[in-house]
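Chains Z and R, in that order, are what the protein sequence lines are.
Going by the working numbering, the final residue of the first sequence carries number 257, and the count climbs one at a time with no gaps.
Going by the working numbering, the final residue of the second sequence carries number 257, and the count climbs one at a time with no gaps.
Since the hints were made in silico from the structure, they are not lab data.
Any given hint could be a false lead.
[To be verified] In the DSSO-like style, the derived pairs of lysine-lysine whose C-alpha atoms are separated by at most 30 Å in a straight line are: (1) R/K50 with Z/K16; (2) Z/K16 with R/K110; (3) Z/K90 with R/K110; (4) Z/K110 with R/K26; (5) Z/K50 with R/K16; (6) R/K188 with R/K110; (7) Z/K26 with R/K110; (8) R/K213 with R/K257; (9) R/K220 with R/K188.
[What the hints assert, rightly or not] Only some residues are given here: those of chain R computed to face chain Z with a beta carbon under 8 Å: (10) P65; (11) V66; (12) K70; (13) D102; (14) Q207; (15) E210.
Yeah, the Cβ is synthetic: ideal placement off N, Cα and C, and Gly gets one too.
Protein chains: 2
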Amino acid sequence: MKELTIVKIGGNVVDKEENLEDFLMKFASVPEPKILVHGGGAIATELCRKLGIPIEMHEGRRITPVDTLKIAVMTYAGLVNKRIVAILQKFGCNAIGLSGADGNTIPARKRNPEPIDYGFVGDVDPARIDSSLISNLMGRGITPVFCAVTHDENGTLLNTNADTMASCIAVAMSRLYSVRLIYCFEKKGVLNNPDDENSVIPIITRQRFEELKKSGVVNKGMIPKLSNAFEALDNGVMKVEIKCGSNICEDSGTLVK
Amino acid sequence: MKELTIVKIGGNVVDKEENLEDFLMKFASVPEPKILVHGGGAIATELCRKLGIPIEMHEGRRITPVDTLKIAVMTYAGLVNKRIVAILQKFGCNAIGLSGADGNTIPARKRNPEPIDYGFVGDVDPARIDSSLISNLMGRGITPVFCAVTHDENGTLLNTNADTMASCIAVAMSRLYSVRLIYCFEKKGVLNNPDDENSVIPIITRQRFEELKKSGVVNKGMIPKLSNAFEALDNGVMKVEIKCGSNICEDSGTLVK
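Looking at chain Z on its own, in the form it has when it is part of the complex (with noise of 0.2 Å):
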């Protein structure tokens, strides 16, 4: 099967413009097809707080009432991906930006309010993504951009974990790929020392993900992370790398097993 690279970036490399660039710049040179998944990261906050509009989280993960939806979709939808689509133009990396609504790409439902009401918050089931239209548009040398917003297929758009997304698209189109899934966060890879950047973790195995769990090495977001990993694999994408933004090129980081 041919080989299909999905990097999934988020707020770290989105929030600044020349790591946005640098990024880009980098992600051009990977060889096609590929496909990209962005988070919104603090655009959104800085908006809603601009606008007065309260952030509610619950558990550390973001609650989306209807006012919240609307600054995502803003700029998860419009901003951040329209502004990465023309950079990669720049790049000669010929971009199609899209949310899950966009062609009925990535379906999605809407999380049931009980016991937490998060809003308008989509789950993806993996099953349902188009990999035809995307697989079709790849097939024509373009290279899509996805951000993390989805819709219920009755008119309402959904906001949507950007690594879970990246995790169903690469076991949607784990069908017709040999899929590597790429991804990217500040660090070097999972360390071992928050504190020291050269003590990267090169493999995880499943026991390793346990054992770094109950040590608490592996904590707060890289845990989701992880699960989303090992839900890939699990689920027919041949290999997941997590690894810094500026190095997607290079062979390091850690490599999820």
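Mind docking chain R on chain Z? Use the hints.
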């Protein structure tokens, strides 16, 4: 040649939720292939106001400094475009939302800052529009929905007049299709008497246009709209109509000939 319908809607349709839903239900029933082009309306102005970004105009045309461009991209390419796509999906129309940067479908040129610096405003050359990608999408049963944002192919997004964008797309697509272009606005057509909704002028020829301009019946925003219409007819578009958004499925309005 196969027929293609291109419909342009503006603020009067986009701004009110119920008008938009009503229009999109009708648009969904228009036979494929079809393309929708939308302006932004009052949402961008309202957001500028809330964020304290001044609205600058020159002879009725908006000037787009960088902060205003960001708002335009957020609202037009983000909120409005994705809302339209999600609602069309609900009505069974498989829409895909695009800016001119997406797939490099519509490259533009930043307007010369002399004699008036309009800021980040782009002018489109129909000859450079990628009619092949647009046609390929429609061949898959997908309906492109364009917001009036383009790019300069060098990393910069540009705000573009939606009427002109629709006319340029219509001209570009007329190489492959027999194109019918419909401009929707709040009236039933071009009115002989602005206070009488039943005074629709059924046909406007070039000669009649000159007379109507002289007599002042056609004025302000209607002049560039009609100029765009004649420009489109001069460059291969089969038919241009000006009518009310709620009447797009009816044989009414003004035919430009």
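Results for each hint:
1. R/K50 with Z/K16: Judged against 30 Å, a Cα distance of about 24 Å means the pair holds.
2. Z/K16 with R/K110: The given pair, whose Cα atoms are some 25 Å apart, holds under the 30 Å limit.
3. Z/K90 with R/K110: holds (15 Å)
4. Z/K110 with R/K26: Between Z/K110 and R/K26 the Cα gap is close to 27 Å, so the pair holds against 30 Å.
5. Z/K50 with R/K16: holds (24 Å)
6. R/K188 with R/K110: violated (34 Å)
7. Z/K26 with R/K110: holds (27 Å)
8. R/K213 with R/K257: holds (16 Å)
9. R/K220 with R/K188: Holds. R/K220 to R/K188 sits at ~17 Å (cutoff 30 Å).
10. P65: violated (16 Å)
11. V66: For R/V66, the interface hint is violated, since the closest Cβ of chain Z sits about 12 Å away, which is over 8 Å.
12. K70: OK, holds: R/K70 within 8 Å of chain Z, min 6 Å.
13. D102: With Cβ-Cβ at 5 Å, under 8 Å, it holds.
14. Q207: Violated, about 42 Å.
15. E210: violated (40 Å)
Taken one by one, the earlier hints fail for this structure at numbers 6, 10, 11, 14 and 15, listed in ascending order.
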